[in-house]
Amino acid sequence: MTGTADPILEVRGLTVDFLSDRDPVRAVSGVDFHVSHAETLCILGESGSGKSVSTSAIMGLIDTPPGDIVAGRMFFEGRDLATMTEEERRDINGRKIAMIFQDPLAHLNPVHSIGRQIAEVFETHEVATGADAKRRVVDLLRRVGIPDPEHRVDQYPHQFSGGQRQRVMIAMAIALQPSVIIADEPTTALDVSVQAQILDLLRDLQAEYGMALILITHDLEVAASMADRVMVMKGGQIVERGDARSVFTRPQHDYTQKLLSALPHADDTDKHRRSATGAGEPILKVENIVKRYALSTGLFGAAKHVHAVNDISFEVNRGETVGIVGESGSGKSSVARILLRLNEPTSGRALYKGDDIFRMDQRELLKLRRKMQMVFQDPYGSMNPRMDVRSIISEPLRIHRDILPKDRWNDRVVELLELVGLKAEHAKRHIHQFSGGQRQRIAIARALASDPELIVCDEAVSALDVSIQAQVIDLLADLRTRLGLSYIFITHDLPIVRHFADRIIVMKQGEIVEQGTTQAIFTTPQHSYTRSLLNATPHPKWETGAASHLSVRIS
Amino acid sequence: MFGYLGKRALHSVVSVLGLLVLVFFLTRLTGDPSYLFLPLDATPQAREAFSTLHGFDQPLHIQFFNYLGDLLHLDFGESLRQNRSAMEVALEAFPQTLKLAVLAIFLAGALALVVGSLAAAKPGSLFDRFASLVSLAGASAPDFWIAIVGILVFAVSLDLLPTSGTGSAAHWIMPIGVLMLRPFGLLVQVVRGTMIGALSSPYVKTARAKGVRRQKIIFSHALRNSLLPVITVAGDLATSLVNGAVVVESVFGWPGIGKLMIDAIIQRDFAVVQSTVLVTACAIFILNIAIDLLYAVLDPRIRYQTS
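Chains as they are written, first to last, in our numbering: chain D, 1 to 555; chain A, 1001 to 1307.
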């Protein structure tokens, strides 16, 4: 966009090694970039691409050891950072260059009030102290949209919601109106609608203060909605760069093209969804389930309750995929846990082929679990790190002895591995030797081992990079066709289910606000909440005002 | 807050009662006190009279119910040896132990915070390795041996410090020095470990991105968070010190509750044994509550619910 303006910050040939055991691993190799006044540069890449390392180097946040800046120079306002004293560089941090991190709960000190943590910026740089600093903090909190700032300034990080914590981080970053703000995955941990608010805030602040923004993200839609210029990183190198519009509409590099094609498509000729007539008889009927938690269990005080799930009813037919969509706290995961009897409901019925799941005894439940399996969000956390893949996948066979005789287990494990796109030799390895996508494939293979009819996927692809997400969804769709499986697919990401679900249930605060066929939900959403979820998906910056979806333009 | 305290007190009453039952019957397994209290050539009649006088001729369960009944009137029994209230004897000894324990744990804690933080600031440095060595030695040294060697060196050979007893400030040096050793060693290790973790935590990264000075990062951000696990361990160590530093008190002739307890057991002075157990149990209960409250002060995420 600017290009000609003098860059505030410039990085040339940055190369960073990390020491691991003995051989140094090159995290970033020969990276050049610059950013100018009032401009937004997006650094795009999947995990491990070196995008965070490049910016941490600017702020001197790479620990040495293990990190080591092998080559490259960094200039801030024309001065070489390497020639500055440690004290000068420290003074730039927070005053001239500020950073916003991904996980604000971990990045805020749990034992100091947020007011004290923001005031620390003023105190450190000797701008204001005491009551003066506090007044400025309250003003900042108001500016970033924290309601009732006079009161909340004395509260601690754990007393704020995820979105509010990120607002606090932003307040901290803009305290001294720095010329550069580096935002490292600032919205990754947040719900879509909160993400939209935070991005709006960053945009407004940039317009107000004219700072340069370096936005690090793996989310193409976020990048498209914010960026003037984009650089795409892979394996520590820049594979593509340019102004946002040309990178997104005419990607040159294979990797960028692959990333863009992995985006959930908005067109109606969906490759995964079949005609609704393909679905068979109902296998699961959920009727009016309620889950209440007691907030206080006093001896005398009236008990208060919170409804995690309030009067939910739906059906799943054979061979059908039902998507349950909602933000965190909507009760979507509670529904899954209740259906698998990992939590007990307060009331309601769930009929699996006519038998009430909630009234089953241990033996009947064991039989049910053979037919109803679950795939979790975090495959690493849900598999025993000391077991090899063979033991992990054959564990259901060990529990349900009647499935297969023991001498056929090995063949079955190999068969399952091949079914989910892995190889027979993977059976001997341990879980830490696999990538995130492979781990999720193993989790799916384990779920398939007991010949289930229904698989509940709880945020099963949320932790994966975009291109891997698409692969796992492809796999699930393929298995549905081949094995006639049904899915309950729980996610916070509406575009993902567009791929793949036959029907969608939208949940908010424990209740169903809307349900219908996928096409109806996406084309004619009835409830305002569904519409807000759909609109929360960021739109490309170069076509502001247009309501069209990014991927429509691309495909 | 008071609801929380009440609940905790109720739980403690139950465990103290259980403890008293155990102690009551265990002490009576040690044998008949009359063999220790009467001359070797006392007649069987004299022994019987002694037993009747102190109620030892009754069946055990009757003795126990009598004891419980007396407890309700806050009558904790008489010391056979000293002919006065057993509780009075125990309460006289307890402050001596408390003073020793409090001084030892605070000195050990303060020293460990400084040494542990400095070691964690540069892991692998010369100071870090030296601190690890010293703390490991301190944590694993047998205190009775250190105490005896201390007396040999500082009292007998160099004649700098008194061998045992109380009185002057010099009498405090060796008991506290020996008592400090183990808590100091353990606490240095805990402080170092948690500080290394805290210094590489995300919130320290945030502080560095804000431009906060290194010294302030160490003390205001990292150390403040490290205090929580340190207090857990220090509380545990303090409990064992309040319980009576039996070995140290015996070696240095310190008139504390640990020495009193050992003496009372050897002398079969049942009422005194029971009273010392009761006193230390109450002290540990109060100490635990104090630690929990300290936790709530230090960590805003912990607030005890009343209802």
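Some hints could be false.
Unchecked claim - Distance condition first, Cα-Cα at most 27 Å in a straight line; then the derived DSS-like pairs of lysine-lysine:
1. A/Lys1122 to A/Lys1216
2. D/Lys428 to D/Lys353
3. D/Lys423 to D/Lys285
4. D/Lys508 to D/Lys285
5. D/Lys96 to A/Lys1007
6. A/Lys1122 to D/Lys508
7. A/Lys1216 to A/Lys1205
8. D/Lys285 to D/Lys258
9. A/Lys1122 to D/Lys134
10. D/Lys353 to D/Lys367
11. D/Lys96 to A/Lys1216
12. D/Lys285 to D/Lys353
Just so you know, these hints were derived from the structure itself, not from any lab.
We went through each hint and held it up to the structure:
1. Taken as a hint, the A/Lys1122 and A/Lys1216 pair is honoured in the structure, with Cα atoms around 16 Å apart against an allowance of 27 Å.
2. For the hint linking D/Lys428 to D/Lys353, the alpha-carbon distance of about 38 Å lies beyond 27 Å, and the restraint is violated.
3. Distance check on the hinted pair: D/Lys423 and D/Lys285 sit about 37 Å apart at the alpha-carbon level, beyond 27 Å; violated.
4. At most 27 Å may separate the alpha-carbon atoms for a hinted pair to count; D/Lys508 and D/Lys285 meet this at roughly 21 Å.
5. Of the supplied pair hints, the one linking D/Lys96 and A/Lys1007 is violated, its CA atoms being roughly 53 Å apart against a limit of 27 Å.
6. Under the criterion of a C-alpha separation no larger than 27 Å, the hint pairing A/Lys1122 with D/Lys508 is inconsistent with the structure, at around 50 Å.
7. For the hint linking A/Lys1216 to A/Lys1205, the alpha-carbon distance of about 13 Å falls within 27 Å, and the restraint holds.
8. The suggested pairing of D/Lys285 with D/Lys258 is violated, with an alpha-carbon distance near 40 Å, which exceeds 27 Å.
9. For the hint linking A/Lys1122 to D/Lys134, the alpha-carbon distance of about 34 Å lies beyond 27 Å, and the restraint is violated.
10. This hinted pair checks out: D/Lys353 and D/Lys367 have alpha carbons roughly 13 Å apart, not beyond 27 Å.
11. As the CA atoms of D/Lys96 and A/Lys1216 are separated by approximately 20 Å, the hinted pair is consistent with the 27 Å bound.
12. For the hint linking D/Lys285 to D/Lys353, the alpha-carbon distance of about 8 Å falls within 27 Å, and the restraint holds.
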